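Peer 1: These are the residues of each chain, in order.
Protein chains: 2
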Amino acid sequence: MGKLLSDKELKTASFSQLNELCEQIRSEIFNTVSVCGGHLSSNLGAVELTVALHRVFDFPQDKIIFDVGHQCYTHKLLSGRADRFHTLRKRGGISGFPKREESEYDCYNTGHAGTAISAALGFSKARDIKCENYKVIALVGDGAFNNGLIYEALNSIRILGSRVLIILNDNGMSISPTVGGMHEILGELKSGERDVRLFEQFGLHYMGIYDGNKLESILPALEEAKGLLERESVLLHVVTRKGCGYPFCENAPTETHGVSPAGTETKEYSTALGEELSALARKNDKIVAVTAAMTESLGLRPFFREFPGRGIDVGICEEHAAVLCASMAAAGLKPYFAIYSTFLQRAFDEVIHDICSQNLPVTICIDRAGVSGADGETHQGVFDLSYLSMIPNLTIAVPKDIGEFRAMLRASVDFDRPLAIRYPREGTESPISDIEIGKFEVLHSTMSDIVMLAAGERCLKTAENVRRRAEKLGRDFTLVNARFVRPLDEELLSGLKEKHIITLEDNVLCGGFSDAVARFFEGRGKFIHRFGYPDCFLPHGSAGELREEFGLGEEQIFDCVMRIYAGG
Amino acid sequence: MGKLLSDKELKTASFSQLNELCEQIRSEIFNTVSVCGGHLSSNLGAVELTVALHRVFDFPQDKIIFDVGHQCYTHKLLSGRADRFHTLRKRGGISGFPKREESEYDCYNTGHAGTAISAALGFSKARDIKCENYKVIALVGDGAFNNGLIYEALNSIRILGSRVLIILNDNGMSISPTVGGMHEILGELKSGERDVRLFEQFGLHYMGIYDGNKLESILPALEEAKGLLERESVLLHVVTRKGCGYPFCENAPTETHGVSPAGTETKEYSTALGEELSALARKNDKIVAVTAAMTESLGLRPFFREFPGRGIDVGICEEHAAVLCASMAAAGLKPYFAIYSTFLQRAFDEVIHDICSQNLPVTICIDRAGVSGADGETHQGVFDLSYLSMIPNLTIAVPKDIGEFRAMLRASVDFDRPLAIRYPREGTESPISDIEIGKFEVLHSTMSDIVMLAAGERCLKTAENVRRRAEKLGRDFTLVNARFVRPLDEELLSGLKEKHIITLEDNVLCGGFSDAVARFFEGRGKFIHRFGYPDCFLPHGSAGELREEFGLGEEQIFDCVMRIYAGG
Numbered sequence: 382m383g384k385l386l387s388d389k390e391l392k393t394a395s396f397s398q399l400n401e402l403c404e405q406i407r408s409e410i411f412n413t414v415s416v417c418g419g420h421l422s423s424n425l426g427a428v429e430l431t432v433a434l435h436r437v438f439d440f441p442q443d444k445i446i447f448d449v450g451h452q453c454y455t456h457k458l459l460s461g462r463a464d465r466f467h468t469l470r471k472r473g474g475i476s477g478f479p480k481r482e483e484s485e486y487d488c489y490n491t492g493h494a495g496t497a498i499s500a501a502l503g504f505s506k507a508r509d510i511k512c513e514n515y516k517v518i519a520l521v522g523d524g525a526f527n528n529g530l531i532y533e534a535l536n537s538i539r540i541l542g543s544r545v546l547i548i549l550n551d552n553g554m555s556i557s558p559t560v561g562g563m564h565e566i567l568g569e570l571k572s573g574e575r576d577v578r579l580f581e582q583f584g585l586h587y588m589g590i591y592d593g594n595k596l597e598s599i600l601p602a603l604e605e606a607k608g609l610l611e612r613e614s615v616l617l618h619v620v621t622r623k624g625c626g627y628p629f630c631e632n633a634p635t636e637t638h639g640v641s642p643a644g645t646e647t648k649e650y651s652t653a654l655g656e657e658l659s660a661l662a663r664k665n666d667k668i669v670a671v672t673a674a675m676t677e678s679l680g681l682r683p684f685f686r687e688f689p690g691r692g693i694d695v696g697i698c699e700e701h702a703a704v705l706c707a708s709m710a711a712a713g714l715k716p717y718f719a720i721y722s723t724f725l726q727r728a729f730d731e732v733i734h735d736i737c738s739q740n741l742p743v744t745i746c747i748d749r750a751g752v753s754g755a756d757g758e759t760h761q762g763v764f765d766l767s768y769l770s771m772i773p774n775l776t777i778a779v780p781k782d783i784g785e786f787r788a789m790l791r792a793s794v795d796f797d798r799p800l801a802i803r804y805p806r807e808g809t810e811s812p813i814s815d816i817e818i819g820k821f822e823v824l825h826s827t828m829s830d831i832v833m834l835a836a837g838e839r840c841l842k843t844a845e846n847v848r849r850r851a852e853k854l855g856r857d858f859t860l861v862n863a864r865f866v867r868p869l870d871e872e873l874l875s876g877l878k879e880k881h882i883i884t885l886e887d888n889v890l891c892g893g894f895s896d897a898v899a900r901f902f903e904g905r906g907k908f909i910h911r912f913g914y915p916d917c918f919l920p921h922g923s924a925g926e927l928r929e930e931f932g933l934g935e936e937q938i939f940d941c942v943m944r945i946y947a948g949g
Numbered sequence: 382m383g384k385l386l387s388d389k390e391l392k393t394a395s396f397s398q399l400n401e402l403c404e405q406i407r408s409e410i411f412n413t414v415s416v417c418g419g420h421l422s423s424n425l426g427a428v429e430l431t432v433a434l435h436r437v438f439d440f441p442q443d444k445i446i447f448d449v450g451h452q453c454y455t456h457k458l459l460s461g462r463a464d465r466f467h468t469l470r471k472r473g474g475i476s477g478f479p480k481r482e483e484s485e486y487d488c489y490n491t492g493h494a495g496t497a498i499s500a501a502l503g504f505s506k507a508r509d510i511k512c513e514n515y516k517v518i519a520l521v522g523d524g525a526f527n528n529g530l531i532y533e534a535l536n537s538i539r540i541l542g543s544r545v546l547i548i549l550n551d552n553g554m555s556i557s558p559t560v561g562g563m564h565e566i567l568g569e570l571k572s573g574e575r576d577v578r579l580f581e582q583f584g585l586h587y588m589g590i591y592d593g594n595k596l597e598s599i600l601p602a603l604e605e606a607k608g609l610l611e612r613e614s615v616l617l618h619v620v621t622r623k624g625c626g627y628p629f630c631e632n633a634p635t636e637t638h639g640v641s642p643a644g645t646e647t648k649e650y651s652t653a654l655g656e657e658l659s660a661l662a663r664k665n666d667k668i669v670a671v672t673a674a675m676t677e678s679l680g681l682r683p684f685f686r687e688f689p690g691r692g693i694d695v696g697i698c699e700e701h702a703a704v705l706c707a708s709m710a711a712a713g714l715k716p717y718f719a720i721y722s723t724f725l726q727r728a729f730d731e732v733i734h735d736i737c738s739q740n741l742p743v744t745i746c747i748d749r750a751g752v753s754g755a756d757g758e759t760h761q762g763v764f765d766l767s768y769l770s771m772i773p774n775l776t777i778a779v780p781k782d783i784g785e786f787r788a789m790l791r792a793s794v795d796f797d798r799p800l801a802i803r804y805p806r807e808g809t810e811s812p813i814s815d816i817e818i819g820k821f822e823v824l825h826s827t828m829s830d831i832v833m834l835a836a837g838e839r840c841l842k843t844a845e846n847v848r849r850r851a852e853k854l855g856r857d858f859t860l861v862n863a864r865f866v867r868p869l870d871e872e873l874l875s876g877l878k879e880k881h882i883i884t885l886e887d888n889v890l891c892g893g894f895s896d897a898v899a900r901f902f903e904g905r906g907k908f909i910h911r912f913g914y915p916d917c918f919l920p921h922g923s924a925g926e927l928r929e930e931f932g933l934g935e936e937q938i939f940d941c942v943m944r945i946y947a948g949g
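Protein sequences, first through last, are from chains X and W. FYI, in my numbering the residues of the first sequence are 382 to 949. FYI, in my numbering the residues of the second sequence are 382 to 949.
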């Protein structure tokens, strides 16, 4: 890559220099993401808009908050991070999301959708209280405009009385195409059918529509918005093309939203979810599937195609999705709520208040559980075993492989209480055998004093590796597939009172599987050896690196076995 | 009370009989709430509207979902529960909220705001999928219309394509007066200034305004809405007067929203919060206070009055409130987020993703922690120690009394990381002494082998009672005020390795204080005796009854001490 214009040079650059800069950036993003993986089409779509923002505003004095944050690559390239950009999403490298700890140009960390307007209002309110003078901008995709948090923030603009510029980056997409009433309102704005008083009602001066991929359109619009911002809050409605500049991205924005590094090819749990749920739904017309804007990545597109009336994508509305599932279950259906682990945090109250306190037969299929890797702190699925384990009435299943996941889904149909099944992205296929809900499986039985309880495919793989190494040294141990983290298989555990117990879980230790096992054994005078993640936020890196570095490394666990043998 | 008309008789009753029924119900509600406590003004306001609903619709075949649910008393009286109404909110008596387990007339349990439209859509979608035939009604207050979940549901009406009747019960109030952009839109609708296309955009036929306290207005409106519902979804905008029929309630709707049983008079933590925060804010102009529609009940009205620019009530928007606090902290302010324990569940993701992952100095003041009593399952604050204990970077404080709470607030000002302080409604004043964040306090030191670690005022009271009784029998023990549940005071705990440990917490055991203590002692070959709530939802009843019945009874704990002495 040739040297990029600096943030300063950019202020005085000619129009053609700016256009050239955009092309440089676009190709840098494309090349880096092709190698490192990352968010492609959203970043390609936001190049001109971001360059224009850097031209018109003065960062880092002015503040910009990227909603979700996955479209911040151009901003990173323009704020002193171009020479490190090739380390994108790698352990120790730069993050794929805004990070305050990385640059003063990143004023607020994001990752989950819908926080940017609230955060922008917080900054502007703080500015006013502290009598400071800077501008605050929230850049929000139209997909997030479905989210309740965005509405809560819009609703409070008048209450707070602090000025912000909201840029609505309207590309018609979340990860899946955007849906819903607000989407239709935006559509009518675009076609000129609708007046703009709705946003004015919320205290926003509406400006639109501008072409966010054309500097000649967006630069004067931003200048005008900047002027208006002296007196009032502004909503600037910009249309961009996701994947802009690369036709194969423009034509397949969902497929190129997130890109894996070259050479990645694995089997995914999501495919199995789609296959099994469709097969089950053919035999049971009460089955419905609900997603929150991630139908493809959760594997449910085939289900939605085959059962259009029974597949519901509500957009980025995790809370609503959870209540919808609870109420459909109360009305006699059998709902499956598919969602990523980290996003289920958004529906935490509804899982307690709507699903579990009413003990309703909703099955929550939790994808990307455990360390999810390159997206970093905001996307790790390492808390779910903890925040779900405290909820009464909930059963939690953790399959050992994709075959067992299929078996769990089959067993779930007749299970009449709340059920959560959590699994990582990738897995191994296997023949399907029946499972009994609530029962562990002894995978390898020995007379050894040591029993390892491992929850989930990744932990079982590590456990099996350790076991084979130990066996070669004559230090074999019993290995148990702890496939139900809640309730525990107390019958099996009762037989282990005299044993040394080692637990493995792809989750933080606080509040997770090991705490439950410890609680069970307490008063019986024994203690356990726990492996899981420590009490910190896990950064970005590959899942394997993170597991190794943060407490689930094979070596550590092997050493533990050896130590117990040595001591016993 | 004279016998009420049955649901059936009501269908054919004359107009004057219906009006008489309303008066009977109103007086029944007033008399019962005066004795049992409960929600007064919201129920008085909804009498005619609910009677009219029972006249026009066929319950339980038709389904009605009460948002929040605290306005369901008339519905209960009309659905076969009049003779048990005097047991309202008492242990074993009828709940103050809709409960499926109580009557088939209650199709969906509520308690937290904003779920009703989602739930109504779930029922109507299920009805359509199952080719059944009934009507579905959501009754929602205008306060909840600020909530993001309501917006997420409105946004999906077109996606789902199933018909519902939404009744907007507009009384201008949450617990506090309603605020925000949507409130202004509703205001303009009422004054006729605004056209109604906004709701039509979301797929709703708008009907309004009707007087919900006049049968002659609301009955024909409901009949018309019922007819329209054959073809489309309807939003019926009804204005009611909170407290209607009792002038002192109408004039003080906030004060009479929730009424305590006669003869209750206690000191509340909320008063101290207001006093301390105001005092601190006088010396520190970075302090701001944020609430979600509960300024009065959290004790912050004086703060808001004294610092109008620094007290922010965002309405029933817990998520937005949390992000606002995080971003104001990122921008250099010192925010205090005051909220009830059960409602903080709504902002769970934001506490993780916005406040704690950025390690920002937000102080969360968690009121109504522990069993909150008469409101039942949906309002118990017994999960917070668990769902907060798993979050990295967060410190959790649990004061032993109001004096210590004041000291914690004073210490919080210079604490530059996330802090949660959780406390029950009522407490005891005491002189203030300095505290050090992270340090336990030994309240009573002995040479005994037994050490009791109690977290929070209620547990310490019980612990002290037990200790006095035990001491009289020569069975004294050491009592520790475990005022920081996270991180633990490891220095103090390290000195207890040879002791019998008993833990007390006003929280479920799963994932709470005792799990953390057990984790600390593990590998040291010891085990602990834990007292806290079991793995179930706690029903309504007095806080004292519930503590006694569900695992924190004095007798149980006393027995434990005696057993340890006997065994040792």
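Think of the hints as simulated: they come from the structure by calculation, not from any bench. For clarity, every value in this text was computed on a predicted model and none was experimentally measured. Among these hints, one or two may not hold up.
Put simply, identical chains are the same to the list, so a pair is met inside one copy or across any two.
Claimed, not checked - Within a straight-line C-alpha distance of at most 30 Å, the following computed DSS-like cross-link-like pairs (lysine-lysine) qualify:
{"no.": "1", "residue 1": "K667", "residue 2": "K511"}
{"no.": "2", "residue 1": "K667", "residue 2": "K607"}
{"no.": "3", "residue 1": "K878", "residue 2": "K471"}
{"no.": "4", "residue 1": "K511", "residue 2": "K571"}
{"no.": "5", "residue 1": "K471", "residue 2": "K384"}
{"no.": "6", "residue 1": "K664", "residue 2": "K511"}
{"no.": "7", "residue 1": "K820", "residue 2": "K667"}
{"no.": "8", "residue 1": "K607", "residue 2": "K384"}
Peer 1: With reference to the structure, classify each hint as holding or not holding.
Peer 2: Hints, one by one, checked against the model:
no. : hint         : verdict
1   : K667 to K511 : between (57 Å within a copy, 8 Å between copies)
2   : K667 to K607 : between (53 Å within a copy, 27 Å between copies)
3   : K878 to K471 : neither (43 Å within a copy, 43 Å between copies)
4   : K511 to K571 : neither (38 Å within a copy, 38 Å between copies)
5   : K471 to K384 : within (22 Å within a copy, 73 Å between copies)
6   : K664 to K511 : between (63 Å within a copy, 15 Å between copies)
7   : K820 to K667 : within (27 Å within a copy, 55 Å between copies)
8   : K607 to K384 : within (29 Å within a copy, 68 Å between copies)
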